[in-house]
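**Student:** This is what each chain is made of:
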Amino acid sequence: MENMEKMENLLELRNVTFSFRTYGGVVQSVRDVSFNIKPGEIVGIVGESGCGKSVTSQCILKLNPQPPGFFGPDSSIKYKGEEIVTMSDKEMRKIRGKEIGFIFQDPMTSLNPTMKVGAQIEEIFVGDKSISKAEKKRRAIEILELVGINEAERRYNQYPHELSGGMKQRVMIAIALVGRPSIVIADEPTTSLDVTIEAQILDLLKELREKLGISIILITHDLGVIAKLCDRVLVMYGGKIIEHGDVGEIFYDTKHPYTNGLLNSIARLSSSKDQKLTPIEGTPPDLFSPPKGCPFAARCEHCMVICKEQMPPEYEVTPTHKSYCWLMHPDAPKVDLTYKAVKEEVTNG
Amino acid sequence: MDNQNRTPILQVKDLCKHFRINKKATLKAVDGVSFDIYEGETVGLVGESGCGKSTTGKCLVRLYEPTSGEVIYKGKDITKLKGAEKKEFCKDVQMIFQNPYSSLNPRMTVKEIVGEGIKVHNPGISDADLEAKVLELLEKVGLNKDHMSRFSHEFSGGQRQRIGIARALAVDPKFIVCDEPISALDVSIQAQVLNMLKELQKEYGLTYLFVAHDLSVVKFISDRVIVMYLGTIVEYADAEELYANPMHPYTKVLLSSIPEADPDIAKNSQRLTVKGEIPSPINPKPCCRFAERCPNATEECFKTMPELKDLGNGHMIACHLYK
Ligand SMILES: Nc1ncnc2c1ncn2[C@@H]1O[C@H](COP(=O)(O)OP(=O)(O)OP(=O)(O)O)[C@@H](O)[C@H]1O
Ligand SMILES: Nc1ncnc2c1ncn2[C@@H]1O[C@H](COP(=O)(O)OP(=O)(O)OP(=O)(O)O)[C@@H](O)[C@H]1O
Ligand code: SF4
Ligand code: SF4
Ligand SMILES: [Mg+2]
Ligand SMILES: [Mg+2]
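One line per chain: the protein sequences are A and B, in this order. Every number in the numbering used here is 125 more than the matching position in the first sequence, counting from 1. Every number in the numbering used here is 331 more than the matching position in the second sequence, counting from 1.
Bound conformation, chain A alone (with noise of 0.2 Å):
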């Protein structure tokens, strides 16, 4: 039984708990995170600034140096079964580009301007004598045209400066991709990029999902992106999971104040324009003392006495859709989290 639930998992996190060491004191970055990541599928990442998504994802990677850094004592992260915590800097160049690749957030600023586009598609070939020249210039060009790049061929010749926004991300895609990994992390990967630029990158995510089988972590704040790419949410806060499930209960059958918190504050396409938007006072928790009790708890509109004293427990609302809230307990009062605006279009009719 264990086994089968190992065999479906690709990648497992168990209480990660990632903080930081510095001057101001110890920032808890990722606390007490657990989630799973099956074949093929995409996992969204929401939440707003320096609420811990990009730390989680470069966890998996340990892309963070350490010190200053550290995980937490009961921190577990297994890939494929294998514990990637205590694994060795040896062992981690075989999984990283490999096994899990990484978009950064900043395409801008992650390509090497000094080397050529070719270059560094190959440079996760560095050191490996199995493959030949040709065979990696194959491989680089062959993943450049996979993304969707044009004349191939020229660009793998071309530096990131003659190339535009939407092309770099492209070639970032490319050089995450080309290792042939089975997860993909993509860091906010069109939140720089225009509207319809975007468009064309979340297309070819998209694609890529399909064609290859990749599983996909998507971290973003745009709930838009999410709703668009994602099969299943993980909603961040204060550096902790809040609320997770599939996309439809995540959107459509909210189970937290702050997930609804969001959805009611943004501005829609959909919406008219009498409406009032309904904006979350306050401003998110400092994680060098973060609360003991929930950590939305000071801008909760439905805060209770035990919200200040103690954590709240994993409450499932299904077996994909859990909540991190007290008002899930059953002798709590009963509050209606759905999407409000919804409601009050159709009783407009």
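Heads up, some of the hints might be wrong.
Unchecked claim - Cβ-Cβ distance ranges computed for the label pairs, FRET-style:
#1 Arg337/B to Pro415/A: 52 to 58 Å
#2 Lys205/A to Phe482/B: 22 to 28 Å
#3 Ser433/B to Ser159/A: 36 to 42 Å
#4 Asp345/B to Pro164/A: 44 to 50 Å
#5 Asp345/B to Val460/A: 53 to 59 Å
#6 Pro415/A to Lys418/B: 31 to 37 Å
#7 Gly381/B to Arg305/A: 33 to 39 Å
#8 Arg351/B to Thr239/A: 28 to 34 Å
Hints were generated in silico from the structure; no laboratory data involved. This one's a predicted model, so the numbers in the text were calculated from it and none came from an experiment. The beta-carbon is built from N, C-alpha and C at its ideal position, and this holds for glycine as well.
Fit chain B with the ligands to the known structure of chain A by using the hints.
**Tutor:** Relative to the frame of chain A, chain B with the ligands by itself:
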């Protein structure tokens, strides 16, 4: 709103702002843009990065001198204003900037930032009156007395943007260019600022030019919307009308590129996509700027520039498809 019988508070006529790159190259950031704005309305200005939105906004507040064309405020060309008229214009027309992190002087306290403009326009004001006025403004934007003596770098992005808004309001403006006032903010904070801008508009009868690249936000706040592409206006219409019935091929693509925050809609909508990217604004060809990417382009589109025409009911569009 019926604009037939009113005179616009602001008229922009064939505005151009060109930057000389070198002897052979000119960057045409804004190239022949004309539009009207009526008192009390919010006009949204949308388009992708580099299409000339901020440049247009800066020409309206005289941060940039136009290369050619006119900006007429309350019937007068703003480049020709002198003396008292010029002073009144500088008070009436304010701008809120794109980046709340760099647009405030870090060495000034909030009181100094917000009070600066008040002092310029009321030279004899007493310290007590100044302080009272600053406090009133801070409270309007949801800040308080404790914030007055702090420096701007001690504030979050949302708070800084509020300080920027308080600074703009300090001189009793009539018209505010809001250049992407919320794009650097988190979604949960964006709504706070948007709601506030709407309330302030009602209270003071303000007119806004609201620049943004997020079309959902623009729809939420605007009465009318201008769509720009590569230095030109391609469509200008009533907001409801534009979103329900976009006519320019570029507007259609732009609207259908937005991922809606609703999985059923986002996953099932048939999207129009467009190939390639925005071409360079340096030495653009004298034809439709969208021609290279347009799915409907004909030979004519590569030869002549379509003019902005009113199709009736104030829906204006620049495209050869509409005669
Ligand atoms: N190298 C570091 N040293 C110290 N603190 C860090 C470091 N990297 C991140 N942090 C802190 O950890 C927290 C989480 O940061 P993270 O980058 O994961 O946020 P995020 O959710 O990705 O935000 P954004 O949407 O702005 O990218 C933040 O408070 C951040 O300041
Ligand atoms: N002072 C300047 N000198 C030279 N070029 C400029 C200057 N200001 C703007 N430009 C150029 O003019 C064009 C329009 O810029 P502008 O800032 O108006 O665009 P925008 O629509 O506001 O874009 P964004 O959405 O990125 O803010 C760009 O190509 C820009 O590089
Ligand atoms: S646990 Fe309490 S404070 Fe936290 S989200 Fe639920 S109701 Fe609000
Ligand atoms: S003028 Fe021609 S190229 Fe330009 S948008 Fe219209 S149809 Fe397309
Ligand atoms: Mg990040
Ligand atoms: Mg701008």
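**Student:** Could you run down the list of hints and mark each one as holding or not?
**Tutor:** Verification of the supplied hints:
1. Arg337/B to Pro415/A: 52 to 58 Å: Holds, at about 55 Å.
2. Lys205/A to Phe482/B: 22 to 28 Å: Since the Cβ atoms of lysine 205/A and phenylalanine 482/B sit about 51 Å apart, the hinted range of 22 to 28 Å is violated.
3. Ser433/B to Ser159/A: 36 to 42 Å: For serine 159/A against serine 433/B, whose Cβ atoms are near 39 Å apart, the range 36 to 42 Å holds.
4. Asp345/B to Pro164/A: 44 to 50 Å: violated, 59 Å
5. Asp345/B to Val460/A: 53 to 59 Å: holds, 56 Å
6. Pro415/A to Lys418/B: 31 to 37 Å: violated, 51 Å
7. Gly381/B to Arg305/A: 33 to 39 Å: holds, 36 Å
8. Arg351/B to Thr239/A: 28 to 34 Å: holds, 30 Å
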